[in-house]
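Put chain C with the ligand on the given structure of chain Z with help from the hints.
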Amino acid sequence: METNIDNGMARDIYLDNAATTRPDPAVLAAMARADSDCYANASTVHRMGVAAGRLIERARASVAAALGAELPEVVFTSGGTEANNLALKGAAAALADRGDHLIISAVEHPSVSRVAQALACRGLRLSIAPVDREGVVDPAAVRSLLTGRTILVSVMHANNETGAIQPLHEIAMLCRAQGALFHTDACQSFTRRPLDTRGLPADLVTVDAHKLHGPKGVGALYVRRGLRLTPLLDGGGQENGLRSGTYNTAGITGFGEAVALAMRTDAAAITTLRDRFEARLAAAIPDVRINGPVGNRLGTISSVTLPRPDAKTLLHSLSRQGIYLSAGSACAAGRTEPSQVLLAMGLAPEAALRTVRVSLSRFTTEQEVDAAADALARAVREVGG
Amino acid sequence: MIVAPETLDLSGVPCPANAARALLRLEGMDPGSLLRIIVDDGEPVLNVPPALEQEGHALLSKEPDAGRWVLLLRRG
Ligand SMILES: Cc1ncc(COP(=O)(O)O)c(C=O)c1O
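Chain order of the listed sequences is Z and C.
No gaps in the numbering here: position 158 of the first sequence is 158 in our numbering, and each next residue is one more.
No gaps in the numbering here: position 70 of the second sequence is 455 in our numbering, and each next residue is one more.
Bound-form chain Z, shown alone (with noise of 0.2 Å):
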């Protein structure tokens, strides 16, 4: 398929990047320079390995730049489904002697809540943490689940369907008084909303490449410097023993640059725009509700339940005018199940399965968010009612 070409369509109107990012073009410039000059396996120690490992070690002082984090605590990994699978399964099984309990809150991506199910049919004891109509987890509600057997409480950042920012500093200080270790999944938010691992006590952090205009298929897990955890690969050791296998030389030094030019990101501008869609759309149709918590969310995702027709409809509509977004989260997508994420929330079924997700990204202009509200506002218009 050719796409961004002008064959007499207008050009494409991605605003499906809480899914994916287009990688940016120096990343991919970066990306390039690093396959074709440094091939060298970066765990050697010969001038190309060397020159290789300079890349890894460029990188990791972008990432650790961005989290307030000292070198050795970032851990390189295939992407956040793998740092999320070792936070919860690493430090579950370094640490059984301590206790027998996990804390997930209700509106987790489907790589923490299914390994923490995954966890619980082991032996282990699964609390989850509801969420009120804005999706957002009370801390009050950790507190009552916290005991002195548990182990970890995973709490994502912001949330990818919704943007809802949690309070992850209240419910990672309850955690560290009752000395259960804090996660947060910051897959959606990295380099979008400040998460200083100097101010916020929490121990781990999963951050990911593909979201900020990196390349897919890298991430990275903050691991607090004297926490133990057990790798999920063994094999040649590296990453301070936790993440075994030949370093993804590329990839990685595509995450560094991609990180280095989000932090130099205009976010507010992002806001702007996501504000106007919204705004516009609601102009046009008067019964669209905004799910999240309005002053409180990324400014990179609008999150509308529309009064008509279905999400799957109105995105197979759009799509074949060029433009693309998503109903519910891009994992769930094939299936039409509504979204467990807005069921949390209270919605209703039918309502959860009338919700478009619409995500932007600096990339994104003006006149793509109109037509996309104008085109959202045609196709409830069409179906009447």
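By construction, these hints were calculated from the structure, which means they are not laboratory data.
Worth double-checking, as some hints may not be accurate.
[Stated by the list, open to error] Derived Cβ-Cβ restraints for the label pairs, each shown as a range: (1) Pro435/C <-> Thr365/Z: 46 to 56 Å; (2) Pro167/Z <-> Val455/C: 45 to 55 Å; (3) Ala118/Z <-> Leu445/C: 52 to 62 Å.
The C-beta atom is built at its ideal place from N, Cα and C for all residues, glycine as well.
Just chain C with the ligand now, kept in the frame of chain Z:
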């Protein structure tokens, strides 16, 4: 004016990440300036000096210190 050289402590950092971090630090300095680097005994003290010399930096001294080594480098 004589300024005491900066120190980069690479103890506990495996090869070749130690050499890689030393190169990155040297690259950020002015040509001719000095850097003290602490490396572990064993592989690190064998691998790091030649890796830095190969990139044009000069090893001025190499002293044992409590089971580790202190290297003095001049940026090339
Ligand atoms: C909140 C969140 N966590 C984890 C992931 C999984 O990351 P990855 O696709 O890099 O495995 C995603 C997106 O895919 C996400 O949005």
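Right, here's what the structure says about each hint:
no.: 1; hint: Pro435/C <-> Thr365/Z: 46 to 56 Å; in the structure: holds (52 Å)
no.: 2; hint: Pro167/Z <-> Val455/C: 45 to 55 Å; in the structure: holds (47 Å)
no.: 3; hint: Ala118/Z <-> Leu445/C: 52 to 62 Å; in the structure: holds (55 Å)
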